[in-house]
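Colleague: Below are the chains, spelled out letter by letter.
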Amino acid sequence: MTRIGQFILGIKEYLILTVLLIFSLAFLFSNDNTQIRFLRAVAVGMFGTVQSGLSSIPNVFDLQQENKMLRENNIRLSNEVSNLKEAKLENIRLTKLLNFKETSGLGLVSANIVNKSLIQTRNTITLNVGENDSVFVNMPVITDAGLAGRIVSTSRNYSIAQILFNKDMRITVKSQRSRIDGILTYDGVSAVSVINIQKNADIVPGDVFITSEYSNIYPSGIPVGTVVDVGNLDNLFKKIIVVPLVDFASLENVFVVKYVPNKERYALEKTFQSGKK
Amino acid sequence: MNFKYGILKNILVIIFLLLIQKTFIKILSLSSLNISPDFVIIMLIYIGAREGKITGSVYGFLTGLLADFLSGTFIGLSAISYTIAAFLAGFFNTENEKFLTKYLFLVTVFACSFAGNFIYFWIYFQGTPITFPEVLVKYVLTSSAYTTIVSLVYVIFPRKRRIERSFLGEA
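One line per chain: the protein sequences are A and B, in this order. For the first sequence, position 114 (counting from the first letter as 1) is numbered 113 according to numbering that gives the first Met the number 0, and the numbering increases by one without interruption. For the second sequence, position 83 (counting from the first letter as 1) is numbered 82 according to numbering that gives the first Met the number 0, and the numbering increases by one without interruption.
Since the hints were made in silico from the structure, they are not lab data. One should not assume that every hint holds.
[Unchecked claim] Cβ-Cβ distance ranges computed for the label pairs, FRET-style:
no. : chain 1 : residue 1 : chain 2 : residue 2 : range
1   : B       : Leu27     : A       : Ile21     : 31 to 37 Å
2   : B       : Pro132    : A       : Ala86     : 30 to 36 Å
3   : B       : Leu103    : A       : Asn72     : 50 to 56 Å
4   : B       : Leu27     : A       : Asn66     : 17 to 23 Å
5   : A       : Met68     : B       : Leu7      : 41 to 47 Å
6   : B       : Ile6      : A       : Met45     : 37 to 43 Å
7   : B       : Leu151    : A       : Val80     : 50 to 56 Å
8   : A       : Leu93     : B       : Glu133    : 56 to 62 Å
9   : A       : Ala86     : B       : Glu133    : 44 to 50 Å
10  : B       : Ile26     : A       : Val80     : 32 to 38 Å
11  : B       : Phe131    : A       : Glu65     : 33 to 39 Å
12  : A       : Thr17     : B       : Phe131    : 21 to 27 Å
13  : B       : Pro132    : A       : Asn66     : 37 to 43 Å
14  : B       : Ile26     : A       : Ala86     : 38 to 44 Å
[Claimed, not checked] The list that follows gives simulated cross-link-like pairs (lysine-lysine, DSS-like), each with its CA atoms no further than 30 Å apart:
no. : chain 1 : residue 1 : chain 2 : residue 2
15  : A       : Lys11     : B       : Lys3
16  : A       : Lys67     : B       : Lys21
17  : A       : Lys84     : A       : Lys115
18  : A       : Lys115    : A       : Lys67
19  : A       : Lys269    : A       : Lys257
20  : A       : Lys11     : B       : Lys97
21  : B       : Lys137    : B       : Lys8
22  : B       : Lys8      : A       : Lys11
[As the list claims (entries may be wrong)] Stretch by stretch, here's where chain B covers chain A in the computed footprint (C-beta under 8 Å, at least three residues):
no. : stretch
23  : 1–15
24  : 136–146
From a predicted model like this one, the values you see are computed outputs, not experimental measurements. Cβ atoms here follow ideal geometry from the backbone N, Cα and C, with glycine treated the same way.
Construct all of the structure, not just a fragment, from the sequences and the given hints.
Modeller: Here you go:
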């Protein structure tokens, strides 16, 4: 008996090790046990409370890295926001144009402006549509806001349009309210004005001028501009300053109206004009 | 009184080291393999080498169990590895505590932590495509080496008792 006792004492270290290892293995094989989960939850809860106080220390070391990452994210997100804003604006613009195209009743060819000049005396825009798209000289160019100009030159895939800010532009217009006719011109510097209107004509600021049926190039009824100032040119005529309804500075998309002037009318008027001479 | 104070001191140091281990692990991790030094095992090896196999293995088991509860992985895994490491450290328990002094302590730490890490990673990677040599080289050896390097702190900053002894010896 004493021998057994001595033997056990001699291997007690290994016995304890064996017991501890058996316990460890028992834990290892009962990981999903409810009690084990509970113990784990308690231990994590207690330790986590203490740890949360210390967690700010490694954060200090991480700050630089985190800062760099956030900056990169910031740049990327700013870029995305900018792109989304651009897409949203484009969407609004195109939706407006699409609605206009569907409701206008005119044969329209949509075009993007690929070049434009706004600071010269004879300003033009270059469109990405041409003869292949059935776009020809003298066709009106409009937007959902109103008249923009007319085509003056075409190639197969491109065309150039004269806009309202062009000294060569002459458009027969009439007041939408008082039906008084006049000719819209550009002075080559800054003002678009309507001339040939008698001094006693009923024109007031805010009146809108539209294209007249007297014109053989533009369909009638297209809005052109709003009167902003009414003065006297001389003893006989008024000087009416008009602001075009189309904002040329931000203009990106237009429509070319497939409007063909009435040939019979054109021929008759031409014959009459030459007969008078 | 002294014995109880010693136990309390050991427990407090172990809890403190566990806290450090769990909190600062990200800073200390090496490479994408997340190799980090094991502060706790150094302490357990120290206890095992100073107080013997039984004390070492009991401390190892309880500490491992606590570490397992906090780790979120298999419960019992750290318990096995810490128990074995601390038990093996008991073999380095000598009268003159020569394995607790200077560079012999590094040998003790490397040998015991290698055994502990071997058990730990071998079980941990069971059922994964990682091969045995990979486990041995990438995880067991590197972790043990890193832990040994960290235990240099113990060698560089000698224990208070040793300093006291040297003073007494000179006196």
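Colleague: For each hint, tell me whether it holds in the structure or not.
Modeller: Structure-based check of all given hints:
1. B/Leu27 x A/Ile21: 31 to 37 Å: holds, 33 Å
2. B/Pro132 x A/Ala86: 30 to 36 Å: Given a distance of about 54 Å, which is not inside 30 to 36 Å, the answer is violated.
3. B/Leu103 x A/Asn72: 50 to 56 Å: holds, 51 Å
4. B/Leu27 x A/Asn66: 17 to 23 Å: With Cβ atoms ~21 Å apart, the hint holds.
5. A/Met68 x B/Leu7: 41 to 47 Å: holds, 43 Å
6. B/Ile6 x A/Met45: 37 to 43 Å: violated, 20 Å
7. B/Leu151 x A/Val80: 50 to 56 Å: holds, 52 Å
8. A/Leu93 x B/Glu133: 56 to 62 Å: Given about 58 Å between the Cβ atoms, the range holds.
9. A/Ala86 x B/Glu133: 44 to 50 Å: For B/Glu133 against A/Ala86, whose Cβ atoms are near 49 Å apart, the range 44 to 50 Å holds.
10. B/Ile26 x A/Val80: 32 to 38 Å: Hint holds: Cβ distance 34 Å, inside 32 to 38 Å.
11. B/Phe131 x A/Glu65: 33 to 39 Å: For A/Glu65 against B/Phe131, whose Cβ atoms are near 38 Å apart, the range 33 to 39 Å holds.
12. A/Thr17 x B/Phe131: 21 to 27 Å: holds, 26 Å
13. B/Pro132 x A/Asn66: 37 to 43 Å: holds, 40 Å
14. B/Ile26 x A/Ala86: 38 to 44 Å: holds, 43 Å
15. A/Lys11 x B/Lys3: holds, 23 Å
16. A/Lys67 x B/Lys21: holds, 25 Å
17. A/Lys84 x A/Lys115: holds, 24 Å
18. A/Lys115 x A/Lys67: violated, 42 Å
19. A/Lys269 x A/Lys257: This hinted pair holds, its Cα atoms lying about 22 Å apart.
20. A/Lys11 x B/Lys97: Answer holds: A/Lys11 to B/Lys97 is near 25 Å, not above 30 Å.
21. B/Lys137 x B/Lys8: violated, 35 Å
22. B/Lys8 x A/Lys11: With a Cα-Cα distance of about 26 Å, the restraint between B/Lys8 and A/Lys11 holds, given a limit of 30 Å.
23. 1–15: That given contact holds, which follows from 3 residues of the stretch 1–15 of chain A lying within Cβ reach (below 8 Å) of chain B.
24. 136–146: violated (count 0)
Checked against the numbered hints above, the structure violates hints 2, 6, 18, 21 and 24; every other hint is satisfied.
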